[in-house]
Amino acid sequence: MPTEADLQRLVSNFASEAKVLCEKAAREVLALERPENAAAARRARDDLARHVHTLKGSAATLGLSVVKEIAHRLEALVEAGEGALEAEAVDLALRALDTSLARVRAAAAGEGPPLLSAEPLLAALEAARERSAGGKEKEPTPRPAPPPADLPPSNPEPEDDSWRVSHAHVSSLGGVAERLRELRLRVLDRRREARAQLDAMELKAPSPLEVRALLERVDQVLGTFADDTELVAGDLDDALKGISTLPVSTVLETLQRTARDAARATGKEAQLSAVGGELMVDRRLLDALRGPLIHLVRNAVDHGLEPGHARERAGKSKVGAVVIRTELRGNQVVFEVSDDGAGLNHKAIRTTAVQRGLMGAAEVEALSSQALEQLIFRPGFSTRQDASELSGRGVGLDVVATQVRRLGGTVAVRSVAGQGMQIRLLLPSRGGSVPVLPLAVGEVMVGLPVASVESVSRVALKDIHRTARALYLALEGQMVPLQDLGGLLRVRHPVVLEEQRLVVARHLATRFALVVDDVREHQDLAIRMLPEEVRSLAAYQGLAALAGGALLPVLEPSWVATAVAGREMAIPDAGEGRALVVDDSLTARALHRAILEAAGFQVHLAASGAQALEHLRRARYDAVVCDLSMAEMDGVQLTCAVREAQGGASVPLVVVSAQESEAVRARALAAGADAFLTKRECAAGKLATEVVAVIARRQGAA
Amino acid sequence: MSDDAAWDALTAEDALLLSMRADRLRALPTAQEAEAPSWAAEFPIGQETFALPLESLRGCLPLRLVTPLPLAPPHVLGVVRFQGEIVTAFSLRMLLGARGWGSDPFVLVVVKLASGQLVALDCEQIPVQVEISRPEVEGQALPPGDMSKPVVVAGPRVIHLLDVERLTRRIQEGASAD
Chain A
1 MPTEADLQRL VSNFASEAKV LCEKAAREVL ALERPENAAA ARRARDDLAR
51 HVHTLKGSAA TLGLSVVKEI AHRLEALVEA GEGALEAEAV DLALRALDTS
101 LARVRAAAAG EGPPLLSAEP LLAALEAARE RSAGGKEKEP TPRPAPPPAD
151 LPPSNPEPED DSWRVSHAHV SSLGGVAERL RELRLRVLDR RREARAQLDA
201 MELKAPSPLE VRALLERVDQ VLGTFADDTE LVAGDLDDAL KGISTLPVST
251 VLETLQRTAR DAARATGKEA QLSAVGGELM VDRRLLDALR GPLIHLVRNA
301 VDHGLEPGHA RERAGKSKVG AVVIRTELRG NQVVFEVSDD GAGLNHKAIR
351 TTAVQRGLMG AAEVEALSSQ ALEQLIFRPG FSTRQDASEL SGRGVGLDVV
401 ATQVRRLGGT VAVRSVAGQG MQIRLLLPSR GGSVPVLPLA VGEVMVGLPV
451 ASVESVSRVA LKDIHRTARA LYLALEGQMV PLQDLGGLLR VRHPVVLEEQ
501 RLVVARHLAT RFALVVDDVR EHQDLAIRML PEEVRSLAAY QGLAALAGGA
551 LLPVLEPSWV ATAVAGREMA IPDAGEGRAL VVDDSLTARA LHRAILEAAG
601 FQVHLAASGA QALEHLRRAR YDAVVCDLSM AEMDGVQLTC AVREAQGGAS
651 VPLVVVSAQE SEAVRARALA AGADAFLTKR ECAAGKLATE VVAVIARRQG
701 AA
Chain B
1001 MSDDAAWDAL TAEDALLLSM RADRLRALPT AQEAEAPSWA AEFPIGQETF
1051 ALPLESLRGC LPLRLVTPLP LAPPHVLGVV RFQGEIVTAF SLRMLLGARG
1101 WGSDPFVLVV VKLASGQLVA LDCEQIPVQV EISRPEVEGQ ALPPGDMSKP
1151 VVVAGPRVIH LLDVERLTRR IQEGASAD
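Protein chains in written order, with the working numbering: chain A, 1 to 702; chain B, 1001 to 1178.
Bear in mind the hints are in silico, worked out from the structure with no lab data behind them.
From the three backbone atoms N, C-alpha and C, an ideal C-beta is built for every residue, glycine too.
Be aware that one or more of the hints could be misleading.
As the list claims (entries may be wrong) - Here are the in silico distance ranges between beta carbons for each label pair:
| hint | chain 1 | residue 1 | chain 2 | residue 2 | range |
| --- | --- | --- | --- | --- | --- |
| 1 | B | Gln1129 | A | Lys19 | 37 to 47 Å |
| 2 | B | Pro1044 | A | Gln637 | 27 to 37 Å |
| 3 | A | Gln637 | B | Pro1144 | 45 to 55 Å |
| 4 | B | Gln1172 | A | Arg283 | 28 to 38 Å |
| 5 | A | Thr402 | B | Pro1143 | 33 to 43 Å |
| 6 | A | Val334 | B | Ala1141 | 27 to 37 Å |
| 7 | B | Glu1173 | A | Thr510 | 42 to 52 Å |
Isolated chain A, as found in the complex:
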């Protein structure tokens, strides 16, 4: 016979099971409110009855008589009718499940009986069963008026840092541990063999050939171990992923309930749909995001969606749409919560910002739409009173933003007046690595996630078709937009040459082709988010640390797809001069680039003389600015090389130097430079005027 302690332990264990059962049951209840057809309704009723029956059986076994009775009456209600459940019955069923779970949790926590009696609920379930059994043909009960008060609570759950792990995952971890032990035994065997050979060598001095043979054997054995450990590490990684990740759908089920509750409380109709529910995401991240996502869904329904009559007047469906889209991008997860409501009210945001003293009227008027919309994440916009002034937008959004930032992520908002808004959370997902293909363009190395790469080959110019401003690759009967990656990244003039490496990739349905100088072997890398100061750069998904500590910027395939199709990034505007800055100082390159870009030049950079000559081979430049003191090829040597190159005699060329002496100036001019400036003069603002003057002199001479 079980003791009191045994029973309490069993109830504690049952709490986790009850949570899962109630969640599954709630999902079926929600499905029964709007079933696709009669067959779907039948399936949902069957599944719901099964989950509730299991709950009833376990509760009875553990002596939780009230929970057993609630489950029994709910089961009877489900079995009494057919087809869809009316809204009131759905409310009642969900209340029954919530109450059951709350009672199980209270029992697990060793709390006494609850203050509220379950009798009214039991009576309501019985009455609903009778109505359902006897009135299949009767008119549906009119909906009660929505309560004007607050929304229902967002299903707060007690903190639970324990995980339910399947037997399969535990078994797979056990299998990995077993293989590690086997590997250790093999290592010990090989070590004993090596020891024996070393002992033998002590007795007889080995010949160089014998030493070589031994070392080769050791090398071979180490190579095998490296391969084996990689396999075991991979399996371990998979097993841990199985335990530490969950499908996003586990959160979506709660959100379905949230959307429904919010809609019922506000008298609106809302349909929540999800894309990407099957994706596996770090369960700690999902746990931490549960609250923010509930906030966002409640906000979308409560404040984003218009009432049904207003939607109909605006030509929209009476039922508002809320969509949650999840996407995995390398080591990052994107959650987007969108609604097709009224969008943000910019005027109201401005008024509230001024009223709240966040900024002055002139300052708020000067804000861009994007900056203005970011204000809704300020704490000042998070109170109910503020929210009503803003057509309700902003309730708890500061809490969402704070939680997301705490998790190392970012929040962005996009709104179109009258069409709706979207809030996008970008979060780093811990652990794991993704295969990345390093691509070289000139001296720049960037990565592209292998998942988006279709093929790597060589450019054949016969397959490339040109229009006035675009290039296309004829591939499998399709014209795929093509672009030089260096041109896209603005690090060089875009030129496509025969035999260059060609990478064909895809983002969703969009295919694109990139021309690069080199494609390195792919590596499994952990992609980390860009530092906050540069996180707005849409071109990058993040940064990966390579062996040795160097960083590899990893491209965002959606950006590349858009940029390749857009092309305007790679082709300079007509009339825009092109300048090449050659300097081995990163700071000098950056400064000269800023100065010349401000003067209207498109600027490419080279860190050495050799790189500069490569740029000059690819394109004609209106001006070259070159440092005097560089390793390998200095400015004087580069000037001579430029002047000797085909077409280089007339290129306007300015030599710059940190050294300030007449001898240095004379050397530069004697080598063929059109002008010489000290870097102090450049920093003082003379560079742009000197470059323009040199170009004018050259043009005058021509």
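Knowing the structure of chain A, use the given hints to seat chain B on it.
Same frame as chain A, but now just chain B:
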């Protein structure tokens, strides 16, 4: 009357006033602390010398470790790893709008901003420690829009002490030189 009893006899308002007064006294520096000099790290930019409060400095790195980030704004030199963290490297010259040039920068100083974030700034030389008297540091207020204020150090020399709060704001807004 015991101390406890006297305390109990106070009205809530009196207790609040006393507690606020105690907080103010605790916040005041001791005479010793008030006279203690401030320390800063000075480095040249062109012909001028700038300094950062020493407590904001976290380390130095060679500039060559920076990975350039194509398409980043010009005042962003790139990104670099520092103690396992990825930090953005900025051109301090461009952030300050400085007009001078002594030699090509070759070192990065890693600075903790007022926001708590780490950033790296390029320097022409490895910074050296300099002592600044407390009255110089706490003296004249920084004019609006300025990033640094002139202070006199031993020599006597004038150096420009950077305000980390304003530097943070400039970084968050983007450099004016862009």
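Structure-based check of all given hints:
no.: 1; hint: B:Gln1129 / A:Lys19: 37 to 47 Å; verdict: 59 Å, violated
no.: 2; hint: B:Pro1044 / A:Gln637: 27 to 37 Å; verdict: 30 Å, holds
no.: 3; hint: A:Gln637 / B:Pro1144: 45 to 55 Å; verdict: 49 Å, holds
no.: 4; hint: B:Gln1172 / A:Arg283: 28 to 38 Å; verdict: 34 Å, holds
no.: 5; hint: A:Thr402 / B:Pro1143: 33 to 43 Å; verdict: 34 Å, holds
no.: 6; hint: A:Val334 / B:Ala1141: 27 to 37 Å; verdict: 45 Å, violated
no.: 7; hint: B:Glu1173 / A:Thr510: 42 to 52 Å; verdict: 35 Å, violated
Consistency note: the structure conflicts with the earlier hints numbered 1, 6 and 7.
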